[in-house]
Amino acid sequence: MKLLQEQLDILEVLEENHQVTPKSIAEQLQLDEEDVSKHIKQLEQEGIIVSYPTLIDWSKIEGKEAIVAMVDVKVTPKRGVGFDEVAERIYRYPEVKSLYLMSGTYDLSVSVEGKSMKDIALFISEKLSTIESVVSTTTHFMLKKYKHDGVIMEGDKDDDRRMVITP
Amino acid sequence: MSKDYHKYLSTKAIELQPSGIRKFFDLAASMEGVISLGVGEPDFVTPWNIRDRSIAALSDGYTSYTANAGLLELREEISAYLKRRFNVFYQPENEVIVTVGASQALDLTFRTLLNPGDEVLIIEPAFVAYASLVSMAGGVPISIATYAENGFKVTPELMEAAITERTKAILLCSPNNPTGTCLNKEELAALAEVVEEHDLIVVSDEIYAELTYDQEFTSFASLPRMFERTITINGFSKGFAMTGWRLGFVAAPKEITSVMLKIYQHTTMCAPHMLQLGAIEALRDSTEQVEKMQKSYWRRRNLLVQSLNRIGLECHMPGGAFYVFPSIKKTGLTSEEFAENLLKEEKVAVVPGSAFGASGEGYIRCSYATSIEQLQEAVVRMERFLGRYVKK
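Chains as they are written, first to last, in this note's numbering: chain Y, 1 to 167; chain E, 1 to 392.
Wrong hints could be hidden among the right ones.
In silico SDA-like cross-links for lysine to any residue, where the CA-CA straight-line distance does not exceed 25 Å [as the list claims (entries may be wrong)]: (1) E:K254 - E:F86; (2) Y:K147 - E:E373; (3) E:K295 - Y:D149.
Each pair of labels, with its calculated beta carbon distance range [said to hold, decoys possible]: (4) E:E383 - Y:I48: 32 to 42 Å; (5) Y:K147 - E:S64: 35 to 45 Å; (6) E:R284 - Y:S129: 42 to 52 Å; (7) Y:N17 - E:K391: 35 to 45 Å.
Keep in mind that the hints were calculated from the coordinates and are not lab data. A virtual CB, placed ideally from N, CA and C, is assigned to each residue, including glycine.
Okay, chain Y solo, but in the shape it has when bound (with noise of 0.2 Å):
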């Protein structure tokens, strides 16, 4: 699908920050403030806009620490639906936090979160190894998240350094 050049720069504004107002979106891009709620709305009919999450890291609340586990899942795809019903299947649980279809070794990444290694534990042996087209599963458990959909979780170091007023 084909974009305007002014439903580009809307969506390069809102991947920033989507609780930008469509008025300052405007401002920013010299557009009409109408045109701009009216393409939002438009990219989100689509499903170009898919949804609006914020990011948040539940690592440094008490009581809220969450464990995560990426799965290297090897599967036998079926004649007619290949990956698609078996991914479905998978990312119909909600302890699936993400499911991609791999290239290389193994065919689905999946990364999935609970409260304890047991949780994880649990869900990988009796739901995800046991549906029937799963030859095998890789866990790995993540140690620390650095960085999540290019945002630099610690804050970013490059704090503003300038002096408050140069020539």
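Place chain E on chain Y using the hints.
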């Protein structure tokens, strides 16, 4: 008892005008919660690949001198960059000198050009250091005032009126600090005719070239017959967000650079080796990041110009750099009073236009090299401030 040092010091140095910005810096730096629209440098930190290259260079022991004019590899990259971006070709072997910031390139230029009493035309409002650089080199700075009605553009007529028998050069800065004004190709070509007629040299400060919006940037040396009489000054500070690296360059016909190089040998030796290596990286692999920063400034310019005009601080749409230069005449305050009161009452720092020469009086310089949120908050504060000073 304090000693009288006057007799030990040079009269010329004593008589130099201090930068008009200093006073506000001291005041603003002592306050908390200040939103600064007074910063003349990018709010981006240098792109990581450039920083990483210089870190590696330092680890690998690149701590020696380089050739006076800079690493040949860097000069080759500069030459290729100027050709690629602005369609001007300088021989990397003998027409490019890497300097410690564009400021040093300017200093070097005037020391190379001027005999005592030679006049240099400076378009006002102008960068704070221009006149002093000319004076220190023994020249006489001659101001050409420009006006908001004409978008602060210098015209052939204004130029003609300032030319005398002693005029040797004209210093152009487009896009301009502090007005943001950018001259297009036709406007520059019209000036070129006057330059040719009076046999002048053009010193073209193109440090903001990468930050040109709405139109193509024109490098003065790319105009017909202008290469031979142009000294091009540029650098990494603004476009590549590398102000603190102090890396610039000067490019000119070899008959000029060869004389410059003698002065440079004796004053500086060369720019720092490990930083020059970072600059090579900047020219090879930063196009995308430079464009991203440029677009970000463009968005903020649009927002700020629209907001300032809405609250009654009239300004033209600047074609480049990251400055807006609105009129504050309706407040009845001088630009210094305006800046001082605004800082004290609303904690917004701007630079009074008078710091950029007499023709800057009645204006303030607002830099939009700060976050959108800060810009919006600054506008709210300025609107409140205006409410108290502008009679309905």
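Outcome of the hint check:
1. Between K254 of chain E and F86 of chain E, the direct Cα distance comes to roughly 19 Å. Compliance with the 25 Å bound is thereby established for this hinted pair.
2. Taking the CA atoms of K147 of chain Y and E373 of chain E, the gap is about 24 Å. The hint holds against a cut of 25 Å.
3. Of the pairs offered as hints, the one joining K295 of chain E and D149 of chain Y holds, with about 21 Å between alpha carbons and a cut-off of 25 Å not exceeded.
4. Look at E383 of chain E against I48 of chain Y: about 36 Å separates their beta carbons, and that is inside 32 to 42 Å.
5. In this structure the hint that K147 of chain Y and S64 of chain E lie 35 to 45 Å apart at CB holds, the actual value being about 36 Å.
6. Under the hint 42 to 52 Å, the C-beta atoms of R284 of chain E and S129 of chain Y, about 49 Å apart, fit the expected range.
7. Hint check: N17 of chain Y to K391 of chain E, Cβ distance near 38 Å, so the stated range 35 to 45 Å holds.
Checked against the numbered hints above, the structure breaks none of them.
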